[in-house]
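Asks: Sequence:
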Amino acid sequence: MSLNQSVLVCDQVNPTLNEILEKNGLKVTYEPEITPEQLAEKIGNFQVVVVRSRTKLVKELIEKADKCKIIARVGVGLDNIDENAAKEKNIRVINAVEGAMNAVAELVIGLMLSMAREIPRADREVRNGNWIKKELMGRELSGKYLGIVGLGNIGKKLARHAKSLNMNIIGYDVVPIDEEFSKEVGLMKADLDTLLSSSDYVSLHVPLLESTHHMINNEKLKLMKKTACIINTARGGVIDEDALYNSLKEGNLANAALDVFEAEPATGNKLITLPNFIATPHIGAQTKEAQSLAANIIAEKIIQIIRGVI
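Counting from 477, one number per residue, gives the positions in the sequence shown under the working numbering.
Treat the hints with caution; some may be incorrect.
[What the hints assert, rightly or not] Quick list of in silico lysine to any residue cross-link-like pairs, SDA-like style, CA-CA up to 20 Å:
hint: 1; residue 1: Lys620; residue 2: Met664
hint: 2; residue 1: Lys698; residue 2: Asp716
hint: 3; residue 1: Lys503; residue 2: Gln780
hint: 4; residue 1: Lys633; residue 2: Asp654
hint: 5; residue 1: Lys620; residue 2: Ala730
hint: 6; residue 1: Lys518; residue 2: Val534
hint: 7; residue 1: Lys725; residue 2: Ser590
It should be emphasised that the hints constitute simulated quantities derived from the structure, not laboratory data. Model, not experiment: these values are computed from the prediction.
The whole structure should be built from the sequences, with the hints applied where relevant.
Replies: Written out as structure tokens, the structure is:
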């Protein structure tokens, strides 16, 4: 492919991406608020389409992308892109896994600390004029067992961060876990049920697939300790939210923190009515550093593909 290509950027991205592409001779059309209807009219005119999570590239849209050779996701998850439809059109789908791994891992650490030390409650009470120091008897992360479900780039980064806090790491994945990495963090490999029953904290890092939809359901939640906490920064559909709500409300689980939900925005979600639940608005990769890195990675990948390097 020639570098004289047209690129449609459908979502708000770090300016670095557009700058790098234009510097290398690509023509960039930036429409961060484009609607599905507008996209359906325009997608057939571009060789490259760039999205984040807002834009859903469903089969009907991809079928209209007659000139498209590359779909680029500035982020990790590809569940907003119909990969089968892209494959049928011979469109290459790329993402920026490396861009978000540290940001997401740090958010998980922050959420664990928030639950362990009841930071959201402490803040609310002080703002309301209540000095409840004696009630806020927290827990330390040091020495606790962290179960990581999914040991990809983000899961491994989290394990390294947690190890530096003197946490014990239990890991589960459907694919073989790297032995060198396992030795590095002292990883204890386990099946999913053993991980859930043994961990003080469980963090989910799996893609949303048919096999992972509601993989954490009522049956799995019952395996966890009543003092345990669960964190999901992967995709909302991985956890059965009704089952999670019941576990938290009935005291069968101490705390939960979700950065992702089955329906977003999650403003009407009943989970946010619970005092032992923390919600964040899908901010796992929302750091200046992560967005800049992801933009750089995607821009370079696009250029290298067009040049035939990769």
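Asks: None of the hints should be skipped; say for each whether it holds.
Replies: Comparing the hints with the structure gives:
no.	hint	in the structure
1	Lys620 <-> Met664	holds, 13 Å
2	Lys698 <-> Asp716	holds, 13 Å
3	Lys503 <-> Gln780	holds, 16 Å
4	Lys633 <-> Asp654	holds, 13 Å
5	Lys620 <-> Ala730	holds, 15 Å
6	Lys518 <-> Val534	holds, 15 Å
7	Lys725 <-> Ser590	holds, 19 Å
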